[in-house]
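**Q** Sequence:
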Amino acid sequence: MHYNRYRYYDPSAGRFISTDPIKLAGGVNLYRYVSNHPTGLVDPLGLVDINNFPTDESIHEYAKNIRENPNVLQIGAHGNPDVVTDRNLNAMSMQDLGDQIKAHPKYIKGMPIQLCSCETGKGPHPVAQKLADHIGSNVIAPDKTLWIWPNGKMLQVETAPGGGPDLTRVGQWRVFRPKG
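The sequence shown maps to residues 6 to 185 in the numbering used here.
Incorrect hints may have been included.
To be verified - Simulated DEER-style distance windows between Cβ atoms:
#, residue 1, residue 2, range
1, 110, 173, 35 to 45 Å
2, 101, 167, 31 to 41 Å
3, 100, 158, 28 to 38 Å
4, 167, 113, 40 to 50 Å
5, 63, 183, 10 to 20 Å
6, 99, 164, 18 to 28 Å
7, 155, 94, 13 to 23 Å
8, 114, 87, 24 to 34 Å
9, 166, 107, 24 to 34 Å
10, 168, 107, 20 to 30 Å
11, 165, 110, 32 to 42 Å
12, 185, 63, 36 to 46 Å
13, 60, 154, 13 to 23 Å
14, 96, 63, 21 to 31 Å
To be verified - Straight line, CA to CA, 20 Å or less: simulated SDA-like cross-link-like pairs of lysine to any residue:
#, residue 1, residue 2
15, 158, 63
16, 69, 99
17, 184, 99
18, 184, 143
19, 158, 175
20, 107, 135
21, 69, 150
22, 158, 88
23, 114, 160
24, 158, 179
25, 184, 128
26, 135, 99
27, 158, 75
28, 158, 99
29, 69, 160
30, 135, 77
31, 135, 88
32, 158, 60
33, 111, 77
34, 135, 113
35, 184, 106
36, 69, 152
37, 184, 117
38, 69, 94
39, 111, 95
40, 158, 72
Simulated from the structure, these hints should not be mistaken for laboratory data. These figures come from a predicted structure and were not determined experimentally. Ideal placement from N, C-alpha and C gives every residue a C-beta, glycine not left out.
Can you build the whole structure from these sequences, using the hints too?
**A** Here you go:
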């Protein structure tokens with residue numbers, strides 16, 4: 006038996022024998038690992054930051070490959086300047102999103118939050134600012150559409166007229182500080 010930072014693994018069974026600490030955020034099977042595809046996907050720490058992309062969309066798996074930053078809590082979700090959604094594409098209140106952040110084992114009060122979510126940093130009063138004010142941490146968010154590739158690389162650019170990324174119209178990551 007091996008202890009892998011957050012749960013126990015039994016090599017003779019080839020399975021984790023304790024539940025995933027992110028609970029149902031990892032799916033309904035609390036014992037699975039990397040969507041039951043251990044030869045094609047990786048989760049080097051056995052723990053993925055918050056991934057609110059729907060589990061039936063490819064971007065859910067792509068987000069698992071975003072390069073981890075141990076000093077930032079990363080949230081993958083669909084969004085726009087006004088909202089961030091849950092896995093069922095319902096708009097999340099700041100209270101619900103804040104509760105989800107605070108419940109994550111990696112979260113430390115005051116830790117910066119990165120919203121890997123389209124346009125959540127666009128405009129004068131985006132959802133990223135609302136989250137920063139609510140949780141009391143800096144929030145980093147893109148001001149353009151966020152494209153996530155299968156290897157986890159991200160780029161924020163406008164969407165081209167025919168769909169797909171317009172590499173000539175690059176956005177930026179903006180930092181929102183809590184007001185108050």
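**Q** Now, for every hint given, state plainly whether the structure supports it.
**A** Structure-based check of all given hints:
1. Restraint check, residue 110 to residue 173: a C-beta distance of roughly 41 Å satisfies the suggested window 35 to 45 Å.
2. For the hinted restraint 31 to 41 Å between residue 101 and residue 167, the CB-CB distance of approximately 36 Å keeps it satisfied.
3. The supplied range of 28 to 38 Å is met by residue 100 and residue 158, whose beta-carbon atoms lie about 32 Å from each other.
4. For residue 167 paired with residue 113, a C-beta distance near 43 Å keeps the hint of 40 to 50 Å intact.
5. The hinted range of 10 to 20 Å is not satisfied by residue 63 and residue 183, whose Cβ atoms lie roughly 34 Å apart.
6. Between residue 99 and residue 164 the CB atoms are about 27 Å apart, so this pair conforms to the stated range of 18 to 28 Å.
7. Residue 155 and residue 94 have their C-beta atoms about 22 Å apart, which keeps the hinted 13 to 23 Å range intact.
8. A C-beta distance of roughly 26 Å is found between residue 114 and residue 87, which places it inside the suggested range of 24 to 34 Å.
9. Roughly 41 Å separates the CB atoms of residue 166 and residue 107, a value that falls outside the hinted 24 to 34 Å.
10. Distance hint check: the CB atoms of residue 168 and residue 107 are about 37 Å apart, inconsistent with the given range 20 to 30 Å.
11. Distance hint check for residue 165 and residue 110: the Cβ-Cβ separation is about 39 Å, which falls inside the suggested range of 32 to 42 Å.
12. A hinted range of 36 to 46 Å holds for the C-beta pair residue 185 and residue 63, which are about 39 Å apart.
13. About 19 Å separates the C-beta atoms of residue 60 and residue 154, a value consistent with the hinted range of 13 to 23 Å.
14. Between residue 96 and residue 63 the Cβ separation comes to about 22 Å, which falls inside the hinted range of 21 to 31 Å.
15. Under the criterion of a C-alpha separation no larger than 20 Å, the hint pairing residue 158 with residue 63 is consistent with the structure, at around 14 Å.
16. The hinted pair formed by residue 69 and residue 99 fails the criterion: a straight-line CA distance of about 23 Å is larger than 20 Å.
17. Taking the CA atoms of residue 184 and residue 99, the gap is near 15 Å; set against the 20 Å cutoff, the hint holds.
18. Proposed proximity of residue 184 and residue 143 is supported: the alpha carbons are some 10 Å apart, at most 20 Å.
19. Taking the CA atoms of residue 158 and residue 175, the gap is about 15 Å. The hint holds against a cut of 20 Å.
20. Between residue 107 and residue 135 the alpha-carbon distance is near 16 Å, which keeps this suggested pair within the 20 Å criterion.
21. Pair hint residue 69 plus residue 150 holds up; C-alpha atoms about 18 Å apart against a cutoff of 20 Å.
22. The straight-line distance between the Cα atoms of residue 158 and residue 88 is roughly 23 Å, outside the 20 Å bound, and the hint therefore fails.
23. For the hint pairing residue 114 with residue 160, the CA-to-CA distance comes to about 28 Å; that exceeds 20 Å, so the pair is violated.
24. For the proposed pair residue 158 and residue 179, the alpha carbon gap of about 18 Å is at most 20 Å, so the pair holds.
25. Proposed proximity of residue 184 and residue 128 is supported: the alpha carbons are some 16 Å apart, at most 20 Å.
26. Pair hint residue 135 plus residue 99 holds up; C-alpha atoms about 7 Å apart against a cutoff of 20 Å.
27. For the proposed pair residue 158 and residue 75, the alpha carbon gap of about 17 Å is at most 20 Å, so the pair holds.
28. Restraint check: the Cα-Cα separation between residue 158 and residue 99 comes to about 27 Å, which exceeds 20 Å; the hinted pair is violated.
29. A distance of roughly 16 Å separates the Cα atoms of residue 69 and residue 160; the hinted pair therefore holds under the 20 Å criterion.
30. The suggested pairing of residue 135 with residue 77 holds, with an alpha-carbon distance near 18 Å, which does not exceed 20 Å.
31. For the hint pairing residue 135 with residue 88, the CA-to-CA distance comes to about 10 Å; that is within 20 Å, so the pair holds.
32. Taking the CA atoms of residue 158 and residue 60, the gap is about 19 Å. The hint holds against a cut of 20 Å.
33. Proposed proximity of residue 111 and residue 77 is supported: the alpha carbons are some 9 Å apart, at most 20 Å.
34. Pair hint residue 135 plus residue 113 holds up; C-alpha atoms about 19 Å apart against a cutoff of 20 Å.
35. Pair hint residue 184 plus residue 106 holds up; C-alpha atoms about 19 Å apart against a cutoff of 20 Å.
36. The suggested pairing of residue 69 with residue 152 holds, with an alpha-carbon distance near 14 Å, which does not exceed 20 Å.
37. The suggested pairing of residue 184 with residue 117 holds, with an alpha-carbon distance near 15 Å, which does not exceed 20 Å.
38. A threshold of 20 Å between alpha carbons decides the hint, and for residue 69 with residue 94 the separation of about 18 Å falls inside it, so the pair holds.
39. In summary, the hint linking residue 111 to residue 95 is not supported, as the alpha carbons are separated by about 24 Å, beyond the 20 Å threshold.
40. A hinted pair counts as satisfied when its Cα atoms are at most 20 Å apart, and residue 158 with residue 72 qualifies at roughly 8 Å.
Of the numbered hints listed earlier, those contradicted by the structure are 5, 9, 10, 16, 22, 23, 28 and 39.
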